[in-house]
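Single-letter residue listing:
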Amino acid sequence: MAETVFAPWTDPEAKPLIQFKGVTKRFGDFTAIDNLTLDIYAREFFALLGPSGCGKTTMMRMLAGFETPTEGQILLNGQDIGAVPPNKRAVNMMFQSYALFPHLTVWDNIAFGLRRETRDKDAINARVEEMLRLTRLTKFAKRKPHQISGGQRQRVALARSLAKAPKLLLLDEPLGALDRKLREETQFELMDIQEKTGTTFIIVTHDQEEAMTVASRVAVMDEGRIVQVATPDVIYEAPNSVYVADFIGDVNLIPGQAAVRETAPEAAEVVAEPAPEPTPAAASDPVPDTGKEAPQPNAFGIWLHDNMLKPILGERRAQAEPLKQLPPPAPEQIKAAPVPQDVPEGGVTITWAAGKAPLIAANGDTALAGEKVVLALRPEKVSISKERPDHPNILRGKVIDIAYLGNISTYHVEIEGGTMIKAQAANTRRLSRRGITWEDDVWLGFTATAGVVLKEDA
Amino acid sequence: MRRFSWFNVTSLTLGFAFLYLPMVLLVVYSFNESRLVTVWAGFSTKWYGELLQNEEFLDAALVTLKVGLMSSTLATILGTMAAYVLVRAGRFRGRTLFSGMIYAPLVMPEVITGLSLLLLFIGIGLDRGVLTIVLAHTTFSMCYVSVVVSSRLSSFDTSLEEAALDLGASPFEAFRLVTLPIIAPAVISGWLLAFTLSLDDLVIASFTTGPSATTLPIKIFSAVRLGVSPEINALSTILIGIVTVGVISASLITKRAAVRQAREEQAAVRS
Ligand SMILES: Nc1ncnc2c1ncn2[C@@H]1O[C@H](COP(=O)(O)OP(=O)(O)OP(=O)(O)O)[C@@H](O)[C@H]1O
Ligand SMILES: [Mg+2]
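Respectively, the protein sequence lines represent chains A and B. Going by UniProt numbering, the letters in the first sequence line up with residues 1 to 458, in that order. Going by UniProt numbering, the letters in the second sequence line up with residues 1 to 271, in that order.
Check before you lean on any hint, since a few could be wrong.
Pair by pair, the computed Cβ-Cβ distance ranges are [claimed, not checked]:
#1 A/His206 - B/Leu12: 50 to 56 Å
#2 A/Arg133 - B/Pro171: 53 to 59 Å
#3 B/Ile248 - A/Lys142: 54 to 60 Å
#4 B/Pro181 - A/Phe6: 41 to 47 Å
#5 A/Phe188 - B/Ser170: 53 to 59 Å
#6 B/Ser170 - A/Ala42: 57 to 63 Å
#7 B/Leu12 - A/Thr138: 54 to 60 Å
#8 A/Gln147 - B/Ser151: 49 to 55 Å
#9 A/Asp233 - B/Pro171: 55 to 61 Å
#10 B/Leu120 - A/Asn77: 52 to 58 Å
#11 A/Gln147 - B/Ile240: 57 to 63 Å
Stretch-level coverage of chain B by chain A, calculated; a stretch enters the list once three of its residues show a Cβ under 8 Å from a Cβ in chain A [claimed, not checked]:
#12 154-163
#13 177-191
Listed below are several chain A residues computed to face chain B (Cβ distance under 7 Å; list not exhaustive) [as the list claims (entries may be wrong)]:
#14 Ala14
#15 Ala64
#16 Phe66
#17 Gly82
#18 Asn87
#19 Asn92
#20 Met93
#21 Phe112
#22 Glu117
#23 His146
#24 Lys167
Note that these hints are calculated values from the structure, not bench results. Every value quoted in this text rests on a predicted model; they were computed, and no experiment measured them. Just so it is clear, CB atoms sit at the ideal spot from N, CA and C, and this is done for glycine as well.
Please model the entire structure based on the sequences and the hints provided.
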């Protein structure tokens with residue numbers, strides 16, 4: 001079989017491992033899960049993201065069998081598991097609270113599940129030893145849970161839930177207590193385990209970076225509902241709502257009024273480009289190497305895009321734009337380039353303040369014209385410089401704050417009207433030699449496709 | 001350290017004198033050489049020796065021990081089960097009623113408990129003897145056990161049981177392998193408490209006993225009606241000793257276990 005991208009959710013033939021069908025869970029009159037429908041496929045690494053109390057643990061507990069849905073069905077391999085008790089489900093869960101047995105040693109904790117299904121001592125020994133090695137706990141096997149550190153406890157919980165090699169493993173914030181390095185290692189360990197064993201993982205995390213690293217798909221939840229389910233890059237690059245944009249990563253939200261974009265005279269005079277035909281290798285393509293960086297979508301991808309994602313992403317060609325036109329890494333490098341920007345046509349303009357030039361969003365959905373919208377703009381797509389940059393969208397402002405994050409810096413710039421905009425720039429030079437500092441008047445610029453135009457949340 | 005004021009000292013002395021003077025007197029007179037209670041004739045342990053010769057007392061002691069062991073064991077099993085259900089079953093209709101009913105015998109006058117049990121035993125035609133006392137003692141001491149055990153259970157992290165189920169244990173295995181070992185100290189101290197209660201119960205035992213079974217408290221009570229003897233004092237002193245040891249070890253076990261468990265649980269559970 002040729003190397004294919006793992007994306008069973010795009011395959012209408014694929015059978016999901018887990019199906020939530022209109023599942024609602026109420027505690028008294030409080031609705032914790034609200035009419036949730038979701039398919040999760042075998043071998044997925046599915047991440048649940050959402051603020052505290054949005055129902056992530058409740059979802060897991062329904063899968064593990066500790067809660068029964070008030071309404072709706074949960075299917076595992078096509079079978080309703082509503083009546084199956086937790087001890088009969090091929091599902092293991094790593095508890096948010098670890099739930100280690102305090103009276104048993106680390107070894108016995110890990111062996112607990114194995115002993116329930118087999119009496120074969122050798123098999124149990126071998127498996128426990130393997131788990132101990134995997135989680136690097138061999139030295140602590142004889143200790144009780146209160147004699148090891150928080151991170152070690154977390155690993156015991158992980159080892160215990162992995163030991164039975166379940167079909168479905170539920171991880172409720174599995175790595176929260178680990179330091180960054182160990183967390184990253186464990187993340188890769190998890191992905192490795194997943195690859196080796198073919199286990200399906202559902203992971204709850206508060207750490208978006210973690211979700212982005214490990215997950216095949218991410219579901220963003222809010223108050224018992226799923227707001228968006230998509231691959232990490234789509235969630236990041238094309239959030240479907242202000243909520244998702246705001247929840248994932250850092251974002252500038254610029255509210256305004258959308259209008260259908262007139263073919264701007266400057267744009268027309270810059271490049272007389274016809275409406276974006278699907279002809280590849282347009283002359284203006286700023287990235288010459290179209291080999292690996294720009295994979296062409298397959299037929300289904302094209303169909304998906306044209307039928308579903310276009311309103312969000314804009315035209316297909318335009319989608320690749322933000323990736324190719326990342327702002328230059330360092331603000332100092334921005335020259336007053338005479339090369340005109342490639343400004344695609346169409347889209348909307350957003351009036352964000354009276355008397356200011358409206359912002360251009362070439363990827364904006366014209367159906368949003370006349371509506372109150374929000375332009376969601378990632379800080380790394382906003383360039384900052386002392387000279388007026390050559391960008392379709394330009395804002396003036398003053399640096400209020402600079403957050404130095406090592407490899408990059410985030411500049412908090414107050415633009416006219418008082419709105420704060422964050423811009424990020426790579427720190428290619430040493431601190432002392434960087435030109436922009438507090439109170440400086442600066443220019444912010446971004447391309448016509450850098451942002452995502454979203455309908456204002458109700 | 002704070003100094004005690006004269007007021008504190010006085011009230012403390014008075015309170016403890018009130019509580020313990022009678023018992024101290026009893027213990028002291030059990031070592032009296034003279035048979036007369038009012039005259040101190042020097043230290044002696046001869047009444048303890050004589051006690052060992054007294055068949056009746058020894059029989060009564062045996063009955064008491066038997067009743068105590070059986071009833072406390074039965075009460076521990078039933079009380080633990082009741083506590084488990086009441087704490088775990090969550091909010092079902094009538095839960096408050098049930099828990100209230102379990103605890104009611106704690107405040108019920110013993111005479112009434114004794115009388116109603118007597119009526120029951122007569123009603124079902126049960127011959128009164130060791131068995132009926134065991135049943136009666138189980139009835140009233142089981143609520144003490146369930147109070148002790150349920151207070152431990154309510155601070156027990158349910159996710160431990162869920163984890164056991166999740167790992168494939170049946171509900172009974174989860175209880176036996178996880179819950180029980182963890183709440184064991186509370187169960188043991190419940191047992192000790194039940195045993196002590198059974199040991200010193202007079203009222204209920206005298207209602208439910210028959211001619212074949214006389215417990216120590218009953219024996220002492222009837223002997224005293226013929227006059228206080230130093231032998232009785234010696235016997236009572238021994239009883240006081242046993243009860244004291246029972247109660248103190250029960251509370252020690254609970255306390256030590258509570259401390260250890262708090263530490264372990266805090267460690268085993270995040271946050
Ligand atoms: N047994 C219960 N009885 C009543 N309400 C409950 C119960 N369990 C959960 N809830 C409520 O359901 C909501 C969702 O809880 P849940 O534990 O799923 O949140 P979560 O998304 O896991 O949050 P966190 O990120 O803080 O772990 C919360 O508002 C919580 O108060
Ligand atoms: Mg949770």
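Verify the coverage statement for the stretch 177-191 of chain B against chain A, using a C-beta to C-beta distance below 8 Å and requiring 3 or more qualifying residues. holds (count 4)
Starting from the hint 41 to 47 Å, judge whether the C-beta atoms of B/Pro181 and A/Phe6 obey it. 44 Å Cβ-Cβ, so the 41 to 47 Å window holds.
Quick check: does the Cβ-Cβ distance between B/Leu12 and A/Thr138 fall within 54 to 60 Å? Taking Cβ atoms as reference, B/Leu12 and A/Thr138 lie about 57 Å apart, which means the hint holds.
With chain B as the partner, please determine if A/Asn92 meets the hint condition of a C-beta pair closer than 7 Å. Given a least distance of 6 Å, the restraint on A/Asn92 holds.
Taking the beta carbons of B/Leu120 and A/Asn77, is their distance inside 52 to 58 Å? 56 Å, holds
Given hint A/Ala14 near chain B, where the shortest CB pair must fall under 7 Å: Status violated, d = 28 Å.
Hey, does the A/Lys167 contact hint survive, CB to chain B under 7 Å? Violated, about 13 Å.
Please verify that hint: A/Asn87, Cβ, nearest Cβ of chain B, below 7 Å or not. Since the shortest Cβ distance to chain B is 5 Å, the answer is holds.
Honestly, do A/Gln147 and B/Ser151 meet the 49 to 55 Å range at C-beta? This hint is violated: roughly 27 Å between Cβ atoms.
When the least beta-carbon distance from A/Glu117 to chain B is tested against 7 Å, hint result: 6 Å, holds
Does the nearest C-beta of chain B fall within a distance shorter than 7 Å of the C-beta of A/Phe66? 5 Å, holds
Proposed interface contact between A/His146 and chain B, which counts if any beta carbon pair is under 7 Å: Hint holds; A/His146 Cβ to chain B Cβ min 3 Å, cut 7 Å.
Hint check: violations occur at hints 2, 3, 5, 6, 8, 9, 11, 14, 17 and 24; the rest are consistent with the structure.
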